[in-house]
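For the record, the sequence lines run as chains A and B.
Residues in the first sequence are numbered consecutively from 1, following the numbering used here.
Residues in the second sequence are numbered consecutively from 1, following the numbering used here.
Quick caveat, the hints were computed from the structure, so don't treat them as lab data.
Since the model is a prediction, treat every value here as computed from it, not as a measurement.
In this text, a Cβ means the ideal position worked out from N, Cα and C, and glycines have one as well.
Treat the hints loosely; a few may be bogus.
Examples of chain B residues toward chain A, derived with CB under 10 Å [said to hold, decoys possible]:
id, residue
1, 54
2, 62
3, 145
4, 148
5, 174
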Amino acid sequence: MTRLKSIFLASLSLIAGLAMAQSATDEIAKYREMIADGNPAELYEAAGEEIWKQPMGPKNATLEKCDLGKGPGIVKGAAAELPRYFKDTNKVQDLESRIITCMEKLQGYDAKEIINAGFEKGKRKDVEAIVAYVVTHSKGMKINVPNKHPKEKEMYEMGKKAFYFQGGPMDFSCASCHGENNKRIRLQDLPNLTEQKGAALGFGYWPAYRVSSGNFWTMQRRLNDCYRQQRFPEPIYISDVTIALSVYMGVNAKGGEMNTPGLKR
Amino acid sequence: MKKLTLVIPAILIALSTSFASAQSNFEKMHSESFKANGIATMDRLDQDETQKFCSDPVNLAGKGDPKKREAIEKANLATIKLPANGQYFGDWKEGEAIAQSGRGATWTDKADTVVGGGCYNCHQIDKKEISHGSIGPSLWNYGKLRGNSEAVVQYTWGKIYNSKAYNACSNMPRIGHYKLLNEQQMRHVMSLLLDPKSPVNQ
């Protein structure tokens, strides 16, 4: 833990320097190299592992029997195959909604409370740490989000429709920025999420530690901020549209590599 | 009387099922997934004909029904208001500041947050600004290359006011139509693009 703390402090000064850097893409690449084996997301991962194994909640239970899709308690490789259909809830769930199901069923927490809390607030903060822990255990694996169950296929089609849905005062959809190759907003490269290569760049590097805001962002938070910039109303945490978009990206990205947690601008 | 009481519920059921199918599964899932937050209200999901048409990836890619495309461009063209007193120009320096700002209209903004033009997000404009996007074409030397004939001036005003008048599924926001910028702010952006003294035309 002290090693992690020193990495974290060293990162902080780098982050401050970076905020002023002009050529962001190059600087981020340099930054990634410098801390190649010390992504600040490690702090969240360590906290997440502790939370996973510690008895808590009204039922004073751990999450060690939580089924993330590969069987109770199996964390390794789970994030590379999410979202997926779960028989017990009869729903397609992403990592965050599935963790919340486990917190509700195994530990007795109120799912609604977690949904209504903001990012980094209350029990949501624990969900985020657990996400960091789980995704780290899929690092280097192949993305393999299933598209077999009728509900998975339905969510893929919903995700595709949501991706192209234009609205708001600027007529934006996800496709406005992420539908073509080699596009940028300012200096920020925009992956084309409609193709395997681009989808793997998006899906394979989130969740991530985000340098510009100095915190760990889950996929739900990434999508939330996309919609903010799209000038849409706010997507409800773990709502169907957010999960459908993850299915769309994850299935498109099939065969790409999980590089999670990523390190982003 | 007995027969009638049986018939009425049957009609009600028939009516309610046909109403439910008018809203597709997708529309239901989509609208139930969002909540209003500050100025970003739920009516932002209510699409106009242009947004509906361009939410189809085939139409977005420039294919699809050409007649429908033409009708959409025509309808958007009809929304364009030329500036009061025929005054098309302002101050390129203010235009540059408007082009730089990508702020406004999100749920973290207030109703009185000044909305920026967001131009550099997608376009190269003054070459000195290296932090520019590439979703739209480069506007470097915009006026120098095109001159400032009445046709060029009116087209440029129209393109800023409502880009969909010229390309139904353009990625560019309809800046005047949605009042993202007011007339005076649009004049400043016009000067940035067309004023021979603007750095864009050096």
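Chain A contact restraint for residue 62(B) - C-beta distance below 10 Å: violated, 12 Å
Restraint outcome when residue 145(B) is required to lie within 10 Å of chain A by C-beta distance: violated, 23 Å
Status of the residue 54(B) interface restraint (C-beta, 10 Å, chain A): With Cβ-Cβ at 5 Å, under 10 Å, it holds.
Residue 148(B) as chain A interface residue, shortest Cβ-Cβ below 10 Å: Violated, about 28 Å.
Agreement of hint residue 174(B) with chain A interface, Cβ distance less than 10 Å: holds, 7 Å
Violated hints, in rising order: 2, 3 and 4; the structure is consistent with all others.
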